[in-house]
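Top to bottom, those sequences are chains A and B.
Be aware that the first sequence starts at 9, since it is given in my numbering, and climbs by one per residue.
Be aware that the second sequence starts at 6, since it is given in my numbering, and climbs by one per residue.
Note that these hints are calculated values from the structure, not bench results.
Glycine included, every Cβ here is placed at the ideal spot set by N, Cα and C.
Misleading hints may appear alongside valid ones.
What the hints assert, rightly or not - Stretches of chain B that chain A covers, calculated by requiring three or more beta carbons in the stretch to come under 8 Å of a beta carbon on chain A:
#, segment
1, 49-55
2, 113-121
As the list claims (entries may be wrong) - Here are the computed distance ranges between Cβ atoms for each label pair:
#, chain 1, residue 1, chain 2, residue 2, range
3, B, 85, A, 115, 28 to 36 Å
4, A, 115, B, 118, 14 to 22 Å
5, A, 117, B, 77, 39 to 47 Å
6, B, 32, A, 18, 36 to 44 Å
7, B, 89, A, 90, 35 to 43 Å
8, B, 73, A, 79, 39 to 47 Å
9, B, 60, A, 60, 18 to 26 Å
10, B, 76, A, 79, 44 to 52 Å
11, B, 122, A, 48, 21 to 29 Å
To be verified - Interface residues of chain A toward chain B, partial, derived using beta-carbon atoms under 8 Å:
#, residue
12, 107
13, 110
14, 111
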Amino acid sequence: AQSVTQLDSHVSVSEGTPVLLRCNYSSSYSPSLFWYVQHPNKGLQLLLKYTSAATLVKGINGFEAEFKKSETSFHLTKPSAHMSDAAEYFCVVSGNNNDMRFGAGTRLTVKP
Amino acid sequence: GAGVSQSPSNKVTEKGKDVELRCDPISGHTALYWYRQSLGQGLEFLIYFQGNSAPDKSGLPSDRFSAERTGGSVSTLTIQRTQQEDSAVYLCASSLAVGVEVPYEQYFGPGTRLTVT
Numbered sequence: 009a010q011s012v013t014q015l016d017s018h019v020s021v022s023e024g025t026p027v028l029l030r031c032n033y034s035s036s037y038s039p040s041l042f043w044y045v046q047h048p049n050k051g052l053q054l055l056l057k058y059t060s061a062a063t064l065v066k067g068i069n070g071f072e073a074e075f076k077k078s079e080t081s082f083h084l085t086k087p088s089a090h091m092s093d094a095a096e097y098f099c100v101v102s103g104n105n106n107d108m109r110f111g112a113g114t115r116l117t118v119k120p
Numbered sequence: 006g007a008g009v010s011q012s013p014s015n016k017v018t019e020k021g022k023d024v025e026l027r028c029d030p031i032s033g034h035t036a037l038y039w040y041r042q043s044l045g046q047g048l049e050f051l052i053y054f055q056g057n058s059a060p061d062k063s064g065l066p067s068d069r070f071s072a073e074r075t076g077g078s079v080s081t082l083t084i085q086r087t088q089q090e091d092s093a094v095y096l097c098a099s100s101l102a103v104g105v106e107v108p109y110e111q112y113f114g115p116g117t118r119l120t121v122t
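Given only the sequences and the hints, what does the whole structure look like? Please build it.
Here you go:
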């Protein structure tokens with residue numbers, strides 16, 4: 009069975025400063041990992057995905073994540089936060105039957 | 006092009022009543038998924054369909070929940086004898102197929118907000 013743990017339920021940063029949203033996963037085999045973003049009153053949107061190719065994955069809106077097997081982590085980062093980045097972020101792990109397990113979510117607040 | 010659509014967008018029902026939630030996937034997507042998003046519970050996977058078949062129904066919370074898909078397209082999630090703990094946003098997603106080694110990207114609908122009073 010696979011699962012993810014998002015280590016922070018809420019992260020607050022100032023506009024223009026770096027963003028770090030932490031995710032650790034547990035999987036009995038090579039996982040596929042995703043980050044989804046959910047803006048208020050909108051559906052979930054895929055930010056990026058890792059599927060055993062390059063360990064550093066670049067996504068939309070300047071986000072990227074690095075798969076670290078030794079640390080079982082897949083943290084999401086962005087060099088400079090923008091006000092429009094304020095949203096809920098979900099780390100997701102998927103097995104070979106597309107059974108996707110979502111983390112509890114991290115709410116990102118961006119202060120002006 | 007059209008994305009995943011769900012109806013109704015909001016549903017308020019009395020405890021004990023049955024409800025039906027509908028999902029229209031993206032045309033051509035053979036895989037369809039149902040999730041539930043509860044306050045404080047995160048996003049919970051319920052069931053997926055490959056075509057009209059649901060290989061694993063163990064994610065459904067109780068036997069009051071059922072789902073079907075017909076014609077490889079529209080899916081309905083039915084909750085019988087609703088309880089207050091069923092209140093949540095029910096999300097549907099679709100993907101081109103169910104990946105064997107690499108999952109396909111899932112596209113999510115806007116959700117149905119269910120409130121049981």
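Hint check:
{"no.": "1", "hint": "49-55", "in the structure": "holds (count 3)"}
{"no.": "2", "hint": "113-121", "in the structure": "holds (count 4)"}
{"no.": "3", "hint": "85/B / 115/A: 28 to 36 Å", "in the structure": "holds, 34 Å"}
{"no.": "4", "hint": "115/A / 118/B: 14 to 22 Å", "in the structure": "holds, 19 Å"}
{"no.": "5", "hint": "117/A / 77/B: 39 to 47 Å", "in the structure": "holds, 42 Å"}
{"no.": "6", "hint": "32/B / 18/A: 36 to 44 Å", "in the structure": "holds, 38 Å"}
{"no.": "7", "hint": "89/B / 90/A: 35 to 43 Å", "in the structure": "holds, 39 Å"}
{"no.": "8", "hint": "73/B / 79/A: 39 to 47 Å", "in the structure": "holds, 42 Å"}
{"no.": "9", "hint": "60/B / 60/A: 18 to 26 Å", "in the structure": "holds, 24 Å"}
{"no.": "10", "hint": "76/B / 79/A: 44 to 52 Å", "in the structure": "holds, 45 Å"}
{"no.": "11", "hint": "122/B / 48/A: 21 to 29 Å", "in the structure": "holds, 24 Å"}
{"no.": "12", "hint": "107", "in the structure": "holds, 6 Å"}
{"no.": "13", "hint": "110", "in the structure": "holds, 4 Å"}
{"no.": "14", "hint": "111", "in the structure": "holds, 6 Å"}
Every hint from the earlier list agrees with this structure, and none is contradicted.
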